[in-house]
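Enquirer: The task is simple: from the sequences and hints, build the whole structure.
Residue numbers (this note's numbering), protein chains in the order written: chain A, 464 to 879; chain B, 12 to 191.
Source of the hints: derived by calculation from the structure; they are not laboratory data.
Using 30 angstroms as the maximum straight-line C-alpha spacing, the simulated DSSO-like pairs for lysine-lysine come out as follows:
{"#": "1", "chain 1": "B", "residue 1": "K25", "chain 2": "A", "residue 2": "K704"}
{"#": "2", "chain 1": "A", "residue 1": "K498", "chain 2": "B", "residue 2": "K25"}
{"#": "3", "chain 1": "B", "residue 1": "K140", "chain 2": "B", "residue 2": "K97"}
{"#": "4", "chain 1": "B", "residue 1": "K121", "chain 2": "B", "residue 2": "K181"}
{"#": "5", "chain 1": "A", "residue 1": "K799", "chain 2": "A", "residue 2": "K851"}
{"#": "6", "chain 1": "A", "residue 1": "K470", "chain 2": "B", "residue 2": "K25"}
{"#": "7", "chain 1": "B", "residue 1": "K140", "chain 2": "B", "residue 2": "K100"}
{"#": "8", "chain 1": "B", "residue 1": "K121", "chain 2": "B", "residue 2": "K100"}
{"#": "9", "chain 1": "A", "residue 1": "K799", "chain 2": "A", "residue 2": "K853"}
{"#": "10", "chain 1": "B", "residue 1": "K97", "chain 2": "B", "residue 2": "K145"}
{"#": "11", "chain 1": "A", "residue 1": "K468", "chain 2": "B", "residue 2": "K25"}
{"#": "12", "chain 1": "B", "residue 1": "K168", "chain 2": "B", "residue 2": "K121"}
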Amino acid sequence: MSKSKFKNPVVKWIDHRLPVFSFMDHELNHYPTPKNLNYFWNFGSLAGFALVTMIVTGIVLSMNYTAHVDYAFDSVERIMRDVNHGWLIRYIHMNGASFFFIVVYIHIFRGLYYGSYKAPRELLWILGVLILLLMMATAFMGYVLPWGQMSFWGATVITNLFSAIPLVGESIVTWLWGGFSVDNSTLNRFFSLHFVLPFVIVGVVILHLVALHRFGSNNPIGIDVSGTQDTVPFSPYYTIKDLFGLSVFLSFFAAAVFFFPNFMGHPDNYIEANPMVTPAHIVPEWYFLPFYAILRAIPDKLGGVLFMFGAIAVLFILPWLDRSSVRSSQFRPIYKIFFWILLLDCILLGYLGAMPAEGIYVILSRIATAYYFFHFLILFPLLPYIEKTKPLPISISEPILGGGSTASAFAVREKK
Amino acid sequence: MPKNSKSKNNNEGKRDFLIISTYAMAGIGAASVAWPLIDQMNPAADTLALASTEVDLSSLEEGQAITVTWRGKPVFVRHRTPEEIKLAKEVSLDDMRHPETDEERVPNEKFIVLVGVCTHLGCVPLGQKSGDVKGQYGGWFCPCHGSHYDHSGRIRKGPAPTNLEIPSYKFLSDNIIKIG
Chain A
464 MSKSKFKNPV VKWIDHRLPV FSFMDHELNH YPTPKNLNYF WNFGSLAGFA
514 LVTMIVTGIV LSMNYTAHVD YAFDSVERIM RDVNHGWLIR YIHMNGASFF
564 FIVVYIHIFR GLYYGSYKAP RELLWILGVL ILLLMMATAF MGYVLPWGQM
614 SFWGATVITN LFSAIPLVGE SIVTWLWGGF SVDNSTLNRF FSLHFVLPFV
664 IVGVVILHLV ALHRFGSNNP IGIDVSGTQD TVPFSPYYTI KDLFGLSVFL
714 SFFAAAVFFF PNFMGHPDNY IEANPMVTPA HIVPEWYFLP FYAILRAIPD
764 KLGGVLFMFG AIAVLFILPW LDRSSVRSSQ FRPIYKIFFW ILLLDCILLG
814 YLGAMPAEGI YVILSRIATA YYFFHFLILF PLLPYIEKTK PLPISISEPI
864 LGGGSTASAF AVREKK
Chain B
12 MPKNSKSKNN NEGKRDFLII STYAMAGIGA ASVAWPLIDQ MNPAADTLAL
62 ASTEVDLSSL EEGQAITVTW RGKPVFVRHR TPEEIKLAKE VSLDDMRHPE
112 TDEERVPNEK FIVLVGVCTH LGCVPLGQKS GDVKGQYGGW FCPCHGSHYD
162 HSGRIRKGPA PTNLEIPSYK FLSDNIIKIG
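Expert: Below, the structure written as structure tokens:
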């Protein structure tokens, strides 16, 4: 056995029997990370931070919340007015959900831009999409808990999506509700699931990290690390960079929590749920709007539901839809343009999802939906046959060390 | 060479200062974040607001007792008979575990007001209802671990360490008390 790297005798004793310290040292300290990562690589750790924040504030909120149709709304108002620092904890949880989605969406688009889903990181990507799905389910059920008007009618509309399933749809909806409408049984099961799903997410996140650490992070150039000259140890280089990014993130987050806590919410949700009256204009939380727009764009109940779930399903098979062997968009001049079109398309879908389903909005929703699926199902497989990619650098070190020509890159390599 | 090593030392001192102050700031930050999460478990504003109870004693006959709720706990009010008052006042304090005179404990000798929670481990003692076991000293008896309290709610026998607690209360009129 080689000599232990730990000086502290207690750490050494434990590590010899349970190598947690070696594991952490290997995965968080020495872990070789490409040296050219830009700030878009901060969003993974930010998402992890958001998840922990949501779990901690959520556990604390559940200590003061009552999952019953007669008390839920009042218990949330009690948290806001009477519980010590309750307003702060709830606003962190409420805005934390939005910020979690902001961070995760940037994380996903970073993956799309730099081709982080391509071999050998397909499972890493798929686990990520699974986390997104779990997040959506968790966020949706969490939004039901305050039992406001938007909670109630959001729950009614979303659970009714399942009634589109032929033959068994109605039975499934009754089963989801535990009755014949969204009621106390629904609220109770949503509370239970909203509590447990975040821990399932933690489990999938751990798998996501195991898969990540198998081959390490992708990087802005998208070529494989060729040796230690292309990497730096994770700590202190990326721990410090992540902490700096975290402090920037927290500045925005604190600004929202303290100055605009209800900016991303709906005033209607401060009216207690009333099963007799639907609010005039119901919309989901902003992070669901693009999918909601797709749902409404299809003039058929089952079709709308299928396309909406299809919008996420295509993400699962993306590693095989994209036939290009070049990862980073930096070397894909045509795809790069389409990437930005896709981003704008998703933002447009989000905007359309918030607009009433009539007139020009319906037409635009259909065009935007059509583009979304065109991008994934046609563009990704076919573009590589047309696109002429730019030459890839020989190594990660080459563009960083300023070697414009291949000759200088060779010189660098030979010096090694 | 000495000059060089001196400047190195200065740098090390500066670095130590930076590291220690960074950790200190991080510690203060973590503590300030943790505090709201801990403090939310303390009584909320509405719980504190419910902290007083008014009781009308006009229908309480001599020898009778009522139990009212105050802060989620039972409060015993007993209208003592003259014999009970005499017993409570005349007993010697010498053998008591927690010596207190009846005058100290009961401002209005007719009505005794006690928090009905045994000072041992928090059970509710018997003695409020007419058929209840009142213990060897005629006051209250805790069935959980056998603590005997007298007419003044003082511990006389059994494991409880102190007398039954007296809540803060005052007489608003001859027959109405406000607890809390």
